[in-house]
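**Q** Sequence:
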Amino acid sequence: MRLFVALNLPKKERDRIYRATKVLRGSGLPVRWIDPENYHITLKFLGNVAEDRVTQVEEALTRVATATGKIDLSVEGFGAFPTIRNPNVVWVGVEPTPSLRCQDLEWALAVCGFETETRAFHPHITLGRADDRGGAGAFRGLDELVAGLEFTSEVKVRSIDLMRSHLSKEGARYSLVSSAKLAT
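Under the numbering used here, the residues of the sequence shown are numbered 1 to 184, in order.
If you're looking for bench data, these hints aren't it; they were derived computationally from the structure. Fair warning: there could be bad hints in the mix.
Claimed, not checked - Restricting the straight-line Cα-Cα distance to at most 20 Å, the calculated cross-link-like pairs of lysine to aspartate or glutamate (EDC-like) are:
#, residue 1, residue 2
1, Lys181, Glu106
2, Lys181, Glu150
3, Lys181, Asp104
4, Lys12, Glu106
5, Lys44, Asp72
6, Lys11, Asp35
7, Lys70, Asp35
8, Lys22, Glu150
9, Lys11, Asp52
10, Lys12, Asp104
11, Lys70, Glu95
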């Protein structure tokens, strides 16, 4: 099964982000917008994991969660990867605090046989994925739209979640496999 480790947002925060980005969704840009139910912060993508390894992953997440305090996120700012003029992903940003980096998670999962991430961590919440059919100039004006958006939020996260990704032509759908409560 295709798995990743994530911080899921409370419904209230997902709804606030969705309302704040209405102008983006109504812009006619060639983007497949993500359903707000799927808004999350990916901490680590695990890829295809055999079912007999899931328990080992869950135990590692529980160890990390019980040693990690509650995480308060600062959500603000909009942008795109790799660039605003030629995006693959449109996102809302999350301040990269030390607690969010969760280095213990990398180490715990390395013991389980997963590769350690070497790329810089850029926490974000994916809002949409660019459609390949956009063509040259398809994203003209996105930078101005993003610059005009204002959104800030403080979000309290109380668990680390193991998520499953179900891929289809309509896009990914996510389901919760298990949740590890953060220390109080």
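**Q** Is the Cα-Cα distance between Lys11 and Asp52 20 Å or less?
**A** Violated, at roughly 32 Å.
**Q** Can the restraint linking Lys70 and Asp35 be considered satisfied, given a maximum Cα separation of 20 Å?
**A** 26 Å, violated
**Q** Hey, Lys181 versus Glu106, does the alpha-carbon distance stay inside 20 Å?
**A** 18 Å, holds
**Q** Check the hint pairing Lys44 with Asp72 against an upper bound of 20 Å on the C-alpha distance.
**A** Measuring from Cα to Cα gives roughly 18 Å; hence the hint holds.
**Q** Is Lys70 within 20 Å of Glu95, Cα to Cα?
**A** Distance ~15 Å between Lys70 and Glu95 Cα, so the pair holds.
**Q** Check whether the Cα positions of Lys11 and Asp35 lie no farther apart than 20 Å.
**A** Holds, because 12 Å separates the two Cα atoms, which is no more than 20 Å.
**Q** Take a quick look at whether Lys12 and Asp104 sit within 20 Å of each other, Cα to Cα.
**A** Roughly 29 Å separates the two Cα atoms, so the pair is violated.
**Q** Does Glu150 lie within 20 Å of Lys22 when you go C-alpha to C-alpha?
**A** Roughly 12 Å between the alpha carbons, so the hint for Lys22 and Glu150 holds.
**Q** Below or equal to 20 Å on CA atoms is what counts here, so check Lys181 against Glu150.
**A** Violated, at roughly 31 Å.
**Q** Hey, Lys12 versus Glu106, does the alpha-carbon distance stay inside 20 Å?
**A** At roughly 29 Å apart (the allowed maximum being 20 Å), Glu106 and Lys12 break the hint.
**Q** Between the alpha carbons of Lys181 and Asp104, is the straight-line distance 20 Å or under?
**A** 15 Å, holds
Checked against the numbered hints given earlier, this structure breaks hints 2, 4, 7, 9, 10; the rest are met.
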